Structure formats: C-alpha cells, structure tokens
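**Q** Listed below, chain by chain, are the residues.
2 protein chains.
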Amino acid sequence: MITKFMAPEIIFGDHAIHQIGESFLRLGAQRILVVSDPGVKAAGWTEQAVNNLKETGLAHTLYEKVTTNPGTDQVINGAALYREEKCDAVLGVGGGSALDVAKAVAIIVSNGGAIEDYEGVDRIHSPLPPTIMVPTTAGSGSEVSQFSIIIDPKRKKKMTIVSKSLVPDIAIVDPFVLMTKDHLLTAATGLDAISHAIEAYVSVAATPLTDVHALNALKLAAANLRPSTASHTNLEAKRSMAMASMQAGLAFSNAILGAVHAMSHAIGGRYELPHGEINSILLPHVMEFNLIASPSRFAEIGDILGAAGSTENEMEKGRFGIRALRSLAGDIGAPKTLKEVGLNNPDFHKMAETALEDACMVTNPRDVTLQDVEALFLKAYE
Amino acid sequence: MITKFMAPEIIFGDHAIHQIGESFLRLGAQRILVVSDPGVKAAGWTEQAVNNLKETGLAHTLYEKVTTNPGTDQVINGAALYREEKCDAVLGVGGGSALDVAKAVAIIVSNGGAIEDYEGVDRIHSPLPPTIMVPTTAGSGSEVSQFSIIIDPKRKKKMTIVSKSLVPDIAIVDPFVLMTKDHLLTAATGLDAISHAIEAYVSVAATPLTDVHALNALKLAAANLRPSTASHTNLEAKRSMAMASMQAGLAFSNAILGAVHAMSHAIGGRYELPHGEINSILLPHVMEFNLIASPSRFAEIGDILGAAGSTENEMEKGRFGIRALRSLAGDIGAPKTLKEVGLNNPDFHKMAETALEDACMVTNPRDVTLQDVEALFLKAYE
Chain A
57 MITKFMAPEI
67 IFGDHAIHQI
77 GESFLRLGAQ
87 RILVVSDPGV
97 KAAGWTEQAV
107 NNLKETGLAH
117 TLYEKVTTNP
127 GTDQVINGAA
137 LYREEKCDAV
147 LGVGGGSALD
157 VAKAVAIIVS
167 NGGAIEDYEG
177 VDRIHSPLPP
187 TIMVPTTAGS
197 GSEVSQFSII
207 IDPKRKKKMT
217 IVSKSLVPDI
227 AIVDPFVLMT
237 KDHLLTAATG
247 LDAISHAIEA
257 YVSVAATPLT
267 DVHALNALKL
277 AAANLRPSTA
287 SHTNLEAKRS
297 MAMASMQAGL
307 AFSNAILGAV
317 HAMSHAIGGR
327 YELPHGEINS
337 ILLPHVMEFN
347 LIASPSRFAE
357 IGDILGAAGS
367 TENEMEKGRF
377 GIRALRSLAG
387 DIGAPKTLKE
397 VGLNNPDFHK
407 MAETALEDAC
417 MVTNPRDVTL
427 QDVEALFLKA
437 YE
Chain B
57 MITKFMAPEI
67 IFGDHAIHQI
77 GESFLRLGAQ
87 RILVVSDPGV
97 KAAGWTEQAV
107 NNLKETGLAH
117 TLYEKVTTNP
127 GTDQVINGAA
137 LYREEKCDAV
147 LGVGGGSALD
157 VAKAVAIIVS
167 NGGAIEDYEG
177 VDRIHSPLPP
187 TIMVPTTAGS
197 GSEVSQFSII
207 IDPKRKKKMT
217 IVSKSLVPDI
227 AIVDPFVLMT
237 KDHLLTAATG
247 LDAISHAIEA
257 YVSVAATPLT
267 DVHALNALKL
277 AAANLRPSTA
287 SHTNLEAKRS
297 MAMASMQAGL
307 AFSNAILGAV
317 HAMSHAIGGR
327 YELPHGEINS
337 ILLPHVMEFN
347 LIASPSRFAE
357 IGDILGAAGS
367 TENEMEKGRF
377 GIRALRSLAG
387 DIGAPKTLKE
397 VGLNNPDFHK
407 MAETALEDAC
417 MVTNPRDVTL
427 QDVEALFLKA
437 YE
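Protein chains in written order, with the numbering used here: chain A, 57 to 438; chain B, 57 to 438.
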C-alpha cells in the first residue's frame, strides 16, 4: 500500500504569534486578508496578529465576521473583500471556523467559482495564495489539516472539502493564546481533538506515520485536558493541549476520520450546535459500535485512557477505554446527550442519509448501514 | 521556547517509485536533472526512475557520477549539466550521497556562486527548483531533511549545509528498493539511522514533535535492523527500516544532531571511509560521554534497546542501553574500531578542532572541549 503524508511548516511555542509578519515576508506576501471572528477579536488576539503585520511593514484587510458553523455567505464575502482590496495572501486567526473560512476564501480567490464546486476530495486544481493559520483553540487541528468544513444552507449540509492544497503553508501555534478560552470551550474543543485522534487511529486509512501522531495526541490530551479545563492560567497544560490538538490534526488530515465526524457534520448542517460537544456525545457510542472492527487498536486506546491493567482481554480493554472516556467527559462537564444540547424533534432518518454520504464515513473501520446510523443517533439522543 | 518543524510531502510504500513522474507533473516540472550513482544504476533503480519520467512525458538528463563522500566537483558538474540542458527540477535517486549532491546542485542553479558559500545554517535566500528525493538506502534520512553534506577537498572538510530550503518538495520512499542492498550497506546505513534517532533525541534542540519521531524510529530500528541485515528479501523488515530511517530523518532535521556526527564529519572530510560505519563506531563512546547530560533520556533509549527491566536506576538503564547497542552492532557484523576500518596515523588533534567547529556540535547535550573530543577519538580508535 502506498500512503501519503503532508504537514505544513510548523512554528510552535509561547508568543509564536509574533512571528506571523516575518513568516508572510518569507512567503513573499504583501497584503494580507485577515480572517477572524468576534470572540477572538474581543480577546485581543486579532489585534496582536494585525499589529505584528504592521510592524513588519505588511498591509492588511480584516474580515472578522466568522461565526460558529460558518456558511457559504462568509466565504463569498471574505473572497469579495480579498479581491476588492487586492490581497495576495490569507491569514486565519481563530478557532476551526475562522481557519476553515480562511482556507475556503483562499480556494475561491485562486480557483474561482463557488465553494460548493470543491466539495469532496481533490477538486482543487490551481495553487492557493500563501496561507498562514493561527489557531486560538486546541481542538480543530485545521492549522495543519487538508480539510475545510463549510455549511451549504440551501442543502442544510456541512460540506467536507479535502485537498492537499488546503494544508496551509505555515501553522503558527501559540499555546499562550489558549489562556483566554473559557472552560466550556476548552472542554468541547479538547474533546474534539480526542475524537480526531481516536477516529484517525482506527481509520481504515491509518498509516504508521499517522499512528504515531494519533497515539501521542491521545496521551497528551488524556493527561492534560482535565487540568487545562480547570484553569485559565495552567500554561503547561495549554502547551500540551496545543500539541495534542496539532498532532491529532496531523493524524486525521492524513488518515481521515470516521462515523463520529460524518454524523456530527450531518447534525451541524441542520442545527446550530457546537461541533466539539456533538462529537464528544457521539464518540463513545460510535466507539462501542466500532469496537469489533479493531479490538487491538481499541485496547491500546483503552490503555492510554487509563483503563487499569486488570485485564489482558482486548475487547475488555476497549470497553474500559470507552468508560474512561465517559469519565473524562463527565469530569470536565461535557454534555451527555444530544437532547441536552438542544436538539429538538430531529429527523434522524434524513440526518443518517446525509451522514452516510459524508467523505469521513468512507474511512470508518466498521461497515455502516442507514439503520446503524439511525440507531447510533437514537442512542446518543437521550 | 519557540520551535520549528518542517517535513516534505511524503509518499511511502512498495513501488512508490512509480509515482515520481506524476509528482513532478504536479510540481509543474518539465525537464528533470536526475542525480544518481553507479551502484544504484547497476541495481536498476535509476533506470526505473527514468522510465517513469519518460512514461509521464517528462524530459530528463542523467548525472550519475556521485561517489561516497561526494565533493564540490560533483556539485559543480551536476549544476553545469542542469544549466546546459535547461533543466527545471532535480530528482535524487540513491543513498545519502546522491541526495545530498542533488540538493547542493539545486542550491547552485537557483542561488549561484559556489557550494562553499552556503556552508552553515540558513545561508540560502532564493527558492530552489522543485526537488524530489528517492532514497535507496535506509539510513541517511536526507529525503526529508534540511541537511546536505558536501566535502570541500581544499580544506579536507565535510561541510554541513543546513537550510529549510533543503527540505525536498516530495520524499518518495519505496521499501521495495531496499532489497538490492548488500548486508554490509544495510547494517552500516541502519546504524546511521539509529545514530540519527539517538542524537536527535538527546539534542538540546529536541522538541515534543522531534521526540515522537526519534523514539519511534529507534523502536522500529531496534526491532528490524537485525532481520533486515539478515535477508535481502525480508520486505516487512525493509518497510520498517525505511520508516525508521525516514522518521529519524524528520527528528534530526528539526532537532539537529550531536558529537557523533560532528566527529564523523571531521573524519569523513579527511579519510575516504563510510559514514554509517564511522558513526556506529563513535556512537557508544559518545553515548557514554553524554550519559550524565540526560540520564532520563538515555534510560528511555536503554528501555527501547532492550535493556532488561532489572533496574530502575536511570544511569544503569542508560549503560544497559549502550551495551545493547554494542550487541546489536556486533550481531550485524559492524566494525568496532576506527583502526579496523582503515584509519591510519590519524591526526586526532586537527580532527578534534574540525569537529568542534561543526554545526552538529552545537546541539550536543554535554559541553565538549577539544580534549574531550581527542579522548573520544582515541577511545574509538582501538
């Protein structure tokens, strides 16, 4: 089997945000479209990034209207601004939503058309302008991934866009920036990173290289998500979670994901609910379903999640792991059911149809039918 | 601390060599300078690469005169050929020597001057033409690294050239290609990969990302170098050694190396001796010297090398590790002393002076004096 692995150049460390300007200079950029969101702006990080661009003599234009679960309109508006202002590079500063919009804008300004044209795998044919991504959450992994997820409101669908071209030129990961996240966002995004690591590790497209990153991400997150959620100022825990999120990103970018994300995208396209929380609710149910597809890998996951050494049986270890994950989610106050987060009268049949078509479902380790997905949604519901 | 990490796009797997042409097409190249060596040509791999270029409609010119420990003349000749034939991209097919010459040629044709101008760290300022590297040994890691090592015969010196620009665009790693290596080359290059993993792991510039790759490389090599040396046709062992070598390359490319390589470069600049064997002779002596700088890391190395669980003392584990490494080298028939490989009347004082100036010495975990280096050379001598 021939496998491929791609990663951006990575700049990692406290205050790395101050290297944005010189990094763009190195890429030959002169006028940067900065894509960000109001929360990140309020925390002051957008301004820090912009000031760094100014200090290095670079011009910029700010598009700061990204929302959670961003839709096609944000891509259209961001791309229009890029063209009006004659930008030549894109900076994303924010959570997964801002980075995904930044990437989608980069697609449109170089490849034309509408973002819907690029849904699916490998649809991008012209090179993108230089891109730098600065994550302000430890969760999405978008700063290193070949993914962008954008909602098509007409079809009520989260579109998964996958392409090598979407791996940014440079990922600048600054753990210091994570100190302004509240505990709910820390918990939800951290559980998202865990779901990336686990789905990538059991993916049918996993490779020795993605395994290394998935397992290390899971180890770091298992040890650090509780303390990181507990304290704004525990910088050591933030550093570990930033590294965990990035390595989980390297893993899933190259091994793709599975049913958790396929189902989560199906929910997120129809309902305005936070991606990380949805994933963390779905994850244990999907793990139970997938367990027989890869008992040895789920046993390893169990070992890492702290499933005590009381058994040598792989299936048992796998089940301990799922239990340990539920404990972790409970300890940091994550919701347990879809109902609890506000899903009302969901049409599980339609959502299951959408989930089955998602690009992430292809790499799920266990064969999945429409009935399976509906049953999993029901289990996660209440 | 802010750390940086760079990796090329990686295509890994049996028969990946057949993806060279389409990869160059993707990079927009049309006429490829193929840099290779007579041994690789004799084994048929150069022709396979060239045929693949032809099949994809790409023109090529062949420079196949690379030798072990290549000098500046090969860079000059390769660059002249590139210009004469109006090439626009460079392919390296071979061991570390061929890949290092290919990279050095890529520097000269895009940045001008002589290769001596680029000795040291970060001296390359213009972008290189597209480069793809296909290793035919599991050892150098040059296919993923930001290093090129070229001998300056005037100064009798191995020049270490380090630059982000030297990370190839694409590394194509085909374990199948390793089946034509003889057991001596398999052993020597495998021990070189081990020295990369160990030096990167204890380097003062090690980071969590380089650690992951260094440890995984060491695990793979510890388990697979014996069987890979024992059998031409053990493809499973070749796959693991190819992955070990590449991951060791990712580790040392970003964490740099230490005294083993600084000293080995000092020998290689003056004497025509194989790099891998020299490293494997020096490695246990340097480990003994470095042990007090990082007992915990050497203890981990000891655990991986199979240092039995009889002790919990870190220094003891470290010493067990060094012993286990000597056993491994002995089992695969590696030489034990510099005298044995043909070093005659060496001027250790001059060599120690050269070693102290090498870029690799900067990241050695223990402070090193001229006297230390001379003493280490003497220990390794007989």
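There may be inaccurate statements among the hints.
The list makes no distinction among identical chains, and a pair is therefore deemed to hold if it is satisfied within one copy or across any two copies.
[Unchecked claim] Subject to a maximum C-alpha distance of 30 Å in a straight line, what follows is the list of computed DSSO-like cross-link-like pairs (lysine-lysine): (1) Lys212 <-> Lys110; (2) Lys60 <-> Lys275; (3) Lys220 <-> Lys60; (4) Lys110 <-> Lys392; (5) Lys406 <-> Lys110.
None of these hints come from the bench; they were simulated from the model. What you are looking at is a predicted structure, and each value in this text was computed from that prediction instead of being measured.
**Q** Evaluate each hint against the coordinates.
**A** Here is how each hint holds up against the structure:
no.: 1; hint: Lys212 <-> Lys110; verdict: neither (39 Å within a copy, 47 Å between copies)
no.: 2; hint: Lys60 <-> Lys275; verdict: both (24 Å within a copy, 22 Å between copies)
no.: 3; hint: Lys220 <-> Lys60; verdict: both (10 Å within a copy, 21 Å between copies)
no.: 4; hint: Lys110 <-> Lys392; verdict: neither (45 Å within a copy, 58 Å between copies)
no.: 5; hint: Lys406 <-> Lys110; verdict: neither (49 Å within a copy, 50 Å between copies)
Of the hints listed earlier, those the structure fails to meet are numbers 1, 4 and 5, in rising order.
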